[in-house]
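Going by full-length UniProt numbering, the sequence shown opens with residue 1, and the numbers climb by one from there.
Every clue listed holds true.
Computed cross-link-like contacts, DMTMM-like style, restricted to lysine to aspartate or glutamate with a CA-CA straight-line distance of at most 20 Å:
no.	residue 1	residue 2
1	LYS369	GLU346
2	LYS24	ASP137
3	LYS369	ASP403
4	LYS24	ASP109
5	LYS369	ASP328
6	LYS369	GLU392
In short, the hints are calculated from the structure, not lab data. Predicted, not measured: the structure shown is a model, and the values here were computed from it.
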Amino acid sequence: MSGQGQGPAEAAGRDDQRAQRLRKLQALQERRALPYRYPTDASAAELHSRHAGLPPDSRTTDRAHVAGRLERVRRQGHLTFATLRDRTGTVQLFVDSSVLGAARHAEFDDVDRGDWLGAEGTVVTTRRGELSVCVEDFAVLGKALLPPPDAHRGLPDVETRYRQRYTDLAANERTREVFRIRHTAVRAIRRHLEDRGFTEVEGPVLQSIQGGASARPFVTHHNALDLDLYLRIALELHLKRLIVGGMERVFEIGRVFRNEGIDTRHNPEFTLLEAYQAFADYTDMMDLTEAVVTAAARAALGDDLTVHHGGHAIDLGATPWPRRRFADMIAEVTGAAMHPAMPVGEARAVLDRLGVPYEAGWGPGRLMKEVYDERVQHSIVGPVFCVDHPREVSPLARTHRDDPAYVERFELIVAGFELCNAYSEQNDAVEQLAAFEAEARAKEHGDPEAGDVDLDYVRALERGMPCTGGLGIGIDRLVVLLAGVDSIREVILFPTLRPESGPPPGGGPRGAARPPATPTPVPGDGAPVTALPDLAPSAHPVPAPPPRARVRPGTVRVLAALTALCGVLQLAVRLPVVHDRIGGGAVDVDPLAVPVAGAVTSVVVGLLLLLLARQLARREHRAWQLAVALFAVGAVAHAVKGPHPVAVALCVAMLVALGSARSAFRAPGDPPSLLRLLHVLPLYLGGVLLFGLTTLWAERSRVEPAPTPVGALETVLGGLVGVDGPYTYRSAFLARFLPAALLALGVVGLVVLAVLLLRPLAARRPHTEDDWEHASRLVHTYGWDTLAYFSLRDDKSFFFSSDGEAFLAYTYLGGYALVSGDPVGARESVVRVLDEFLALCDERAWTPALLAVREASMPLYASRGFTSVYLGDEAVIDCRRPLLEGPAHKRLRAAVRRVGRTHRFRLLAEADAPPALVEQLNAISARWRGKAPERGFTMTLSQDVRGAGADPQFLLCVALDERGVPGGFLRLVPAYGPSFGYTLDLMRHDPDAPNGMTEFLIAQTAAALGARGVARLSMNFAMWGRLFADDVPFTPAQRAARWAVGVLNPFFQIRSLRDFNERFDPEWLPRVLAVRRRADLPRVGLRYAGAEGFLAVPGLGPLLVPRAVGGVPSPSDPAGRAAA
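All chains should be modelled from the sequences, with the hints used to inform the complete structure.
Written out as structure tokens, the structure is:
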């Protein structure tokens, strides 16, 4: 039994049992009590047959020698009853001390369930009428060290049944019956063919030419000949060589091998019957197929030939079976009239209407086959012969005698699957060579299932082959049908499974070249999918810091603070308490126009300086330019309206200070975002209220009636839109200045608000087209990281190393340079690009942070002064192993099967997706998101499905219902390198899709990628997964974080996403956030959340999300260099 799912007590109990049994074995060996042979003269079935009418409590003189496995033992005083099972059934052993002797009886009582035992004695019946052998002597023939499965439960675990078929056969009567059916059916097939004059032959398993079927082969290497060979994928071509040689009727039942996926209908090695008859055609083969299948069914099942499969009762004895044309069946099920000679555009239109995906290079015949496979075959209960297939999909069959667009071929369909495939065989050497050459061209263009040109077979045809009919029947599928089981693994004694442990040292593929495959071949078996190349040497020396700029960083902060102070003074420059102290003259002068204009200008300049101070602290070049202009305007205003010597001097001093520090202000501006309003509006309102309320308070002696708080607010806020307040002013200057200044501030506020609102709507280009092409080349060359392709998002800027062989993708948000993932590039160039980017950040006063980088790369980042904060784990599936095996995956298997009843899986390149399918998938995305914007910065492309024009390596994995309507889909982007893989970009399903749709898509995708030779599939990123562990101690901070995650989980699906990923038993790739100071974490976290889309407000879309980069030019852009 499998040890999976056992508790510690159960495992300990099993260990104790084994130790006890081992001691008993040693005692038997010491007594030499284990015989080398034990002759028997009766089986359990024979005993029951001979003594069928024996009454209860009878004794006979008939003696019997029996042997088998001990199943049950019951001890009752001086009597023991045991059940012995042999290959034919069970018989009871009756042990009586008066017959066997007390000492030997004690030895018998020492045997265990599962032991092999031989016994001799007389045949008796017990008082209850149970036929038994009264034991007079016995011998232990084989000692079982492990106990058998529970006698009542049997062996219910499917994985254990397949892995330990020896245990399954011993424990389950149903398993023994399935393989009795298999043996009986195969024997009947042989006998039937031999009775018809067929000769059984054996063809070679190792072949130098791939042919006879469309399938990917296994490759091995013959050391002595130094030759790569294929394991055969079919029996056909060598059997037809024998027809050429004159054998006329031949058949073979043999193993064939196809390097493809594993599911309920497919196993990589399976048993195939192929038979060929000279002077016959495909109609004769229909008769032969019908006779062979019914003969097998009758031998296995008896007179009632009704089988039960997929909820249908199918009568195999209702002969003759219907024969229906391929095109007619398509028309009956879909309503589409199709023909292999129809224009390809019309055929594609049919598939578009039916929602059946197709590839651009397919002709009408191949398109018909796709409609049949996707819409027709699965609906057939049968048995029915589907005859006359398109010539395009049948290279080895003979052209139809009535319509050259078809061939004389049929398939026997039962319960929705193909049971037999047969032809009128092609015997024209010229046509056969042309078909082989077409196959070879397809293989050259990357079709791994296409065959080679078999010149020897063509030469055989040139010797002359008579008209011939041939058939092929999958023995395993036939037994599935006869036994009424659901999976082909149930009828194969030892189905192909991934080993429970890794390969032995030196194991794995050695010497044999892998067959042509797309995409890149995987590394040796057993290599973890997360064991990827190192980022760079962690001990790489840190470069010397660049020469210090002439302006220290502290000087910039002082200048920004002085700018804010000057803004406040400008706002208050006409207040007497300030005005008198900075050298101002009298306020009541005539004419008033000049002083009023100067005072209003100074107020506006002051407010703008206050708003600019924050950007100056970030060394923004544009803010510096505006500040210089504003101080110049302020100096002129103070000179004209007063003059005010001290105010002019302050403005001139700031102009000099800013001019001398010009080189420090090199940073580009912040990206446009409505989040800027959160900073600007409070500052703007504060400045307005500061000016208005302090002016009214300072001039209260000239204001009637006396100002009150409510009246002052009414005056200030109303003045912004030109509305007078409840006060009159006894000063002519104040009466003209205060309303004009407030109105000017209102206009400034409207202008600032308009800019902040409209800038996020303006299209921005974060990088040039040349930069994108450069970055794309590096990703395709060095992008082995599963997040590398997301560096190419449209909203990221690129920074390239000076040698051009590495880059990193980043965005600038509010003083922080957020780098998306690890740099991409050549090993040593990655270190260079990191150091050069950090130097740029120092120069521009940017604070760098590295988002979602690999934890394994932290030694390099730590050497550059970074500290890490654990983010979570990326889930990476190893596509080389089955996902659905084992008791731990029972729920996953159930979900996949549930969805699989109503949906089928389709894998295709996004570029090949028909427009109708693209529209349907994007509609699913729209329903999935609702009004919420697309999230993702480090781990998605945030693009809708494009279809034609998309990257040809993007894959769509779609679940289609019986009408061809998609219920969900995944989009995958490639991860390059020695261990080729894919990364999940989009995962969507219709809100009305059945439960388990996502599990179905992921499981089917992993299986399909594994069949293509893909090693890894990166799924979701599970945040803070380590906090969910129950067997590790937590620090107080971690306990607090665990509590916070529990609070956030209902809103952001944190733990539930981790639990979902664990269903697929992935390998975990930890990722971290790298920052220079932990004090930066709150601000970096806020900006990271904004870039990922978590701050987006439904309805406003991404307007409240900082637009990544937002017009910040790439350093390789000439405009960017000029700005720098």
